[in-house]
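On the provided structure of chain A, position chain B with the ligand as indicated by the hints.
Respectively, the protein sequence lines represent chains A and B. In this text, residue positions in the first sequence follow this note's numbering: the first is 1, and each later residue adds one. In this text, residue positions in the second sequence follow this note's numbering: the first is 1, and each later residue adds one.
One should not assume that every hint holds.
Calculated from the model, a selection of chain A residues having no Cβ within reach of chain B, i.e. all distances over 10 Å [claimed, not checked]:
id, residue
1, Asp3
2, Leu41
3, Lys91
4, Arg102
5, Gly103
6, Ala142
7, Glu147
8, Glu172
9, His216
10, Ser221
Which chain A residues stay away from chain B? Per the calculated CB distances, all over 10 Å, these [as the list claims (entries may be wrong)]:
id, residue
11, Leu4
12, Ala176
13, Ser198
Mimicking DSSO-like on lysine-lysine, the simulated pairs with C-alpha atoms at most 27 Å apart in a straight line are [stated by the list, open to error]:
id, chain 1, residue 1, chain 2, residue 2
14, B, Lys70, B, Lys209
15, A, Lys104, B, Lys111
16, B, Lys111, A, Lys127
17, B, Lys41, A, Lys70
18, B, Lys82, B, Lys65
19, A, Lys91, B, Lys111
20, B, Lys41, B, Lys29
Keep in mind the hints are simulated off the structure, nothing from the lab. Please read all numbers here as calculations on a predicted model, not as lab measurements. C-beta: ideal position from N, C-alpha, C; glycine also.
Given next are the chains, with one letter for each unit.
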Amino acid sequence: MKDLLEQLGLCVEKGKSDRNAAFPPELRGMDGASELTLKALEAGFSANQILNEALMPAMQRVGDRFAEHKAFIPDLMIAARAMNAAMEHLKPFFESGEAQHRGKIVLGTVEGDQHDIGKNIVKMVLKGEGWDVIDLGTNTSATEFAEAVAEHPGSLVGMSALLTTTMVKMEESLQAIRAKIPATKVFVGGAPLSQAFSDQIGADGYFPDPHSFALHLREIS
Amino acid sequence: MKDIFSYRPVFNELRVNKENIFGAMGYEKNTPEQYIQITDKLLKEAEHAAELQAGYRWLSPGSAKAEHGKLVLVDQVFEIRKIIYSQLHLLDGAAVFAVSIGSGIDNWSRKFFEEDEPLAGYIADLIGSEIAEALADWLEAKIAAHALELGTKHSNRYSPGYCDWSVAEQHKLFSLLPDNFCGVRLNNSGLMVPQKSISGIVGTGAKMKWREYPCDRCSLETCYKQIHKSHETAS
Ligand code: B12
Chain A
1 MKDLLEQLGL CVEKGKSDRN AAFPPELRGM DGASELTLKA LEAGFSANQI LNEALMPAMQ
61 RVGDRFAEHK AFIPDLMIAA RAMNAAMEHL KPFFESGEAQ HRGKIVLGTV EGDQHDIGKN
121 IVKMVLKGEG WDVIDLGTNT SATEFAEAVA EHPGSLVGMS ALLTTTMVKM EESLQAIRAK
181 IPATKVFVGG APLSQAFSDQ IGADGYFPDP HSFALHLREI S
Chain B
1 MKDIFSYRPV FNELRVNKEN IFGAMGYEKN TPEQYIQITD KLLKEAEHAA ELQAGYRWLS
61 PGSAKAEHGK LVLVDQVFEI RKIIYSQLHL LDGAAVFAVS IGSGIDNWSR KFFEEDEPLA
121 GYIADLIGSE IAEALADWLE AKIAAHALEL GTKHSNRYSP GYCDWSVAEQ HKLFSLLPDN
181 FCGVRLNNSG LMVPQKSISG IVGTGAKMKW REYPCDRCSL ETCYKQIHKS HETAS
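If we strip away everything but chain A, and leave its shape as in the complex, we get:
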């Protein structure tokens, strides 16, 4: 029985989301994360058990390799995708309150900026971590950020930008958010960002990649 969870963990770690996935070659033709999750539920494992004993440890292993520069963004992405395929089957249990969701996070690229890709990768990885992500897209105004936190009380915020000329919009957005809900935690990221800039505008932290961000969010949630 334990083998089932182990195999599921392996699939997530290697990014094999379902039976049809051609990679990795050694798992070709075998069940992937989606099928194995269903089988684990049928076998009587609880959603929490599947999450905590198979899925999360697998993500942890990929994350550790990422932190050691042995795995990179594509590896995080395929693992997160396999994780999401498994989570699809666990969702009903989380929604019924039988198992725990981590919480909500609002993500957006700031006003005047159309750079989508960095934010989208962060979104994927956080979804894989069990966060409910509200994606405001690109060119997000301060008002849109503020309205989203008002609509989703208790949510965290992550803002992204590509250029030094667009990242300056973060301060305005942060103030609009805090004016609505003062305790909101706001994080920043993107190529030209730094911890110094985050401190300067009074944000709650800068993270260079989705993995370090996810680890921090785990700590504070």
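For chain B with the ligand alone, coordinates are given in the frame of chain A:
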């Protein structure tokens, strides 16, 4: 005299380097087979999604000069700062350029994300960035040929946002080019639309030299050229 030159090169004229794409993923070597296969497949399709446009305005001797740490092109004064100034202060002419691969690749990448193929979406985006860089190299070679033809020399290319030159100066740079040049528009923040576009200048003149970017004299820690440098010294 004609001073605006614009081109629509075909894809095969560009030197797109796959290794740069793997490098951008993080793999200096030993790229997993899975990523190589997807990259190969997408590279073949990218040709159809890219709409290549590249061009420059040639400023002949007299319409460009560098003095007191500033660069003056026609009626615009650029605060190019020390690093670029040291490379360009002996110029007497310049080529102001823009290149763009259009928004086809961006749309294609976004579609993959929507269809739950994020890895393909990410790699398509990296391919777009590499094509844009290859297109800028292509245009630089055109500018070099133009200089050679006139019996003069040229510098490396420099872009606002690099080497301590503020991206905010994009507005001045684009004021020297025709509207919608190569299909590129600037928004208020100085961001170019389509995304996969590059702007900049090349200095020309008898005393110009093509030199590598002087990264050792820049302190911008978030610059990717610096990040490469720190990897090199670390390993
Ligand atoms: C590829 C690239 C390009 C490509 C494509 C750009 C695009 N928008 O698609 C091309 C060649 C076209 C280009 C052009 C330009 N570029 Co450029 N480019 C880069 C490069 C090398 C990588 C950017 C990238 O796409 N990375 C991949 C994605 C996935 O990473 P990401 O978006 O950063 O997101 C990751 C993290 O940042 C983080 N993250 C992102 N958002 C968030 C949010 C939160 C909350 C958290 C926690 C984390 C997080 O997680 C993501 C996944 O790891 C960077 C340097 C670098 N290494 O970052 C310069 C860089 C972004 N470019 C820069 C500049 C200046 C330009 C130009 C203005 C140059 C010019 N004059 O032509 C133009 C602008 C283009 C435009 N549309 O206006 C500067 C910007 C800094 C500045 N001075 O403002 C950079 C930082 C280079 C530098 N000088 O160091 N560029």
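Structure-inconsistent hints, enumerated in ascending order: Failing hints: none at all.
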